[in-house]
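For reference, the chains in residue letters:
Number of protein chains: 2
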Amino acid sequence: MTVMVGDSVNTSSCHESRLLIVGLGLIGGSLAAALRVAGFQGQIAACDPDEQEIARGIEMGLIDSGGTQLAELVDDATMVVLAVPVLAMESVMANLAEALPNASADVVITDVGSTKATIRACAQRVFGQVPTNMVLGHPIAGSEKSGVAAANPRLYVDHKVILTPEPNVDRSALQRVRCLWKACGAEVLEMDVERHDQVLARTSHLPHLLAFSLVDTLARQDERLDIFRYAAGGFRDFTRIAGSDPVMWRDIFIANKEAVLASLDDFEAGLSRLRHAVEAGDSDALIATFDRASHARHYSTLY
Amino acid sequence: MTVMVGDSVNTSSCHESRLLIVGLGLIGGSLAAALRVAGFQGQIAACDPDEQEIARGIEMGLIDSGGTQLAELVDDATMVVLAVPVLAMESVMANLAEALPNASADVVITDVGSTKATIRACAQRVFGQVPTNMVLGHPIAGSEKSGVAAANPRLYVDHKVILTPEPNVDRSALQRVRCLWKACGAEVLEMDVERHDQVLARTSHLPHLLAFSLVDTLARQDERLDIFRYAAGGFRDFTRIAGSDPVMWRDIFIANKEAVLASLDDFEAGLSRLRHAVEAGDSDALIATFDRASHARHYSTLY
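Residue numbers (full-length UniProt numbering), protein chains in the order written: chain S, 1 to 303; chain Y, 1 to 303.
In short, the hints are calculated from the structure, not lab data. The beta-carbon is built from N, C-alpha and C at its ideal position, and this holds for glycine as well. Where hints are given, some of them may not hold.
Simulated coverage check for chain Y against chain S, where a stretch passes if three residues somewhere in it have a Cβ under 8 angstroms from a Cβ of chain S [stated by the list, open to error]: (1) 115-121; (2) 258-270; (3) 278-285.
Could you put the whole structure together from the sequences, leaning on the hints where they help?
In structure tokens, the structure reads:
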């Protein structure tokens, strides 16, 4: 057992004896890869509806075993990480609830979903309340690639993981989830569910909505996609962002609808102000806006 | 003399004996740096109102000489490259018109401005018409850095340079400007002024406007800039784009106002459609939009 002194934990230690990853895509696969690189000593199993993903995960040395049936895999897991798309979370939790009576007594459950209020609501519907051994979380990391083949052991290094524990959470469960992510090189933060969903709506969901919208609008106008040949710096970034997984993002916009629409309201008010400045040729207003925007980036922590 | 076979030009050949760069910032400095690396044999002079930039350019070995007075530098130039902000172009052209009677008989003039209709209009006002030895152009390359200190000899490698020659252009002047950019490793294209301004409004100016607007809106809301700490992938790209030079972009939005506002109209119509899909939780519409957007990127040539 590693000695802990206050909050000072050996960041490379995660002592789960058997981790079960449910959903073996980029996020789940990268978690397994990061743990392997960190010298994780436990077993890693995965559950995924796609048998080929399981086979690939074993072949890549990321997981020890796996299958398509959750009930058969949950028995001796000490930690279960739900890494499925947001809208698949409820049915997976329902399967988990059925299987849990057979599970280890000290099992801890966590997830990696990009929205937290809807996932908390799933847990409340399935379990009656969020179980005290469940710690909801969200690693702020990703890629335009998907699938276990794209697993990257450094995906979480120096990235933030936001945990959104309920007030009555079991403190040792929370600590074990913190250890899991610290072992992957991440910085672990905590905030409440509502704040998480508002912050992510503004800093992640809205930018993706704008990128999807701009690229789609141009693609509709330009059937031959000719103008995409001239993509300058700004647009190249937009097309890359808009290359993200459509199903994952459909789920996010449906799950975090209210916070996304509120942030969109604010954006549209700001865009309208800037539009008027362009229409009026208002040099001072344009410079003031661009100055403020260009300074703001210094507050953005690279990760 | 390099032998040319049809369009097959030795891409590293640019035979100007004296190049004068007016405006020694990132763009002008990178042009000098690229030519040096390509083994350019001619002299390179620069004119800039900032004496320190000239001194730095000489110290860095990018230019042979320079000064703050255009009239003193233009005499024996064989090619003049105007690399000043868009709204400074008219006064620079007026200075150039005064100095040109003393210039070499076969001097060629080109520019690097991000908008072409307003610069063509400057030339028409200053010279009565666009001189046949003037070839307007736009290298689609840049950086969030500025100043000659940020000069990068590879800035134009595999990037596109769009030339927008007038119908009555001197063909050898056009060919010499093509050679200049090919020597820097760029791909040189031609299109008319109006098409250039429309394409760039959509693929560069509008994305920058959206990034400036989003980052400014969030900075206004969040005085402590706390949410910038959680910047996820999409937002990090937006803050980087919004870190671009405020004066340069003020000029672009004033100079290309009509095309920018037209592209903004289209964008707002598309965003409104997407907003309704989010409000309605219309899964099919969201997936269709995201699918189209994510496929469009395959048409975007990386550079």
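To see whether the hints hold, each was checked on the structure:
1. 115-121: Violated - the stretch 115-121 of chain Y has 0 residues with a Cβ nearer than 8 angstroms to chain S, which falls short of three.
2. 258-270: holds (count 8)
3. 278-285: holds (count 4)
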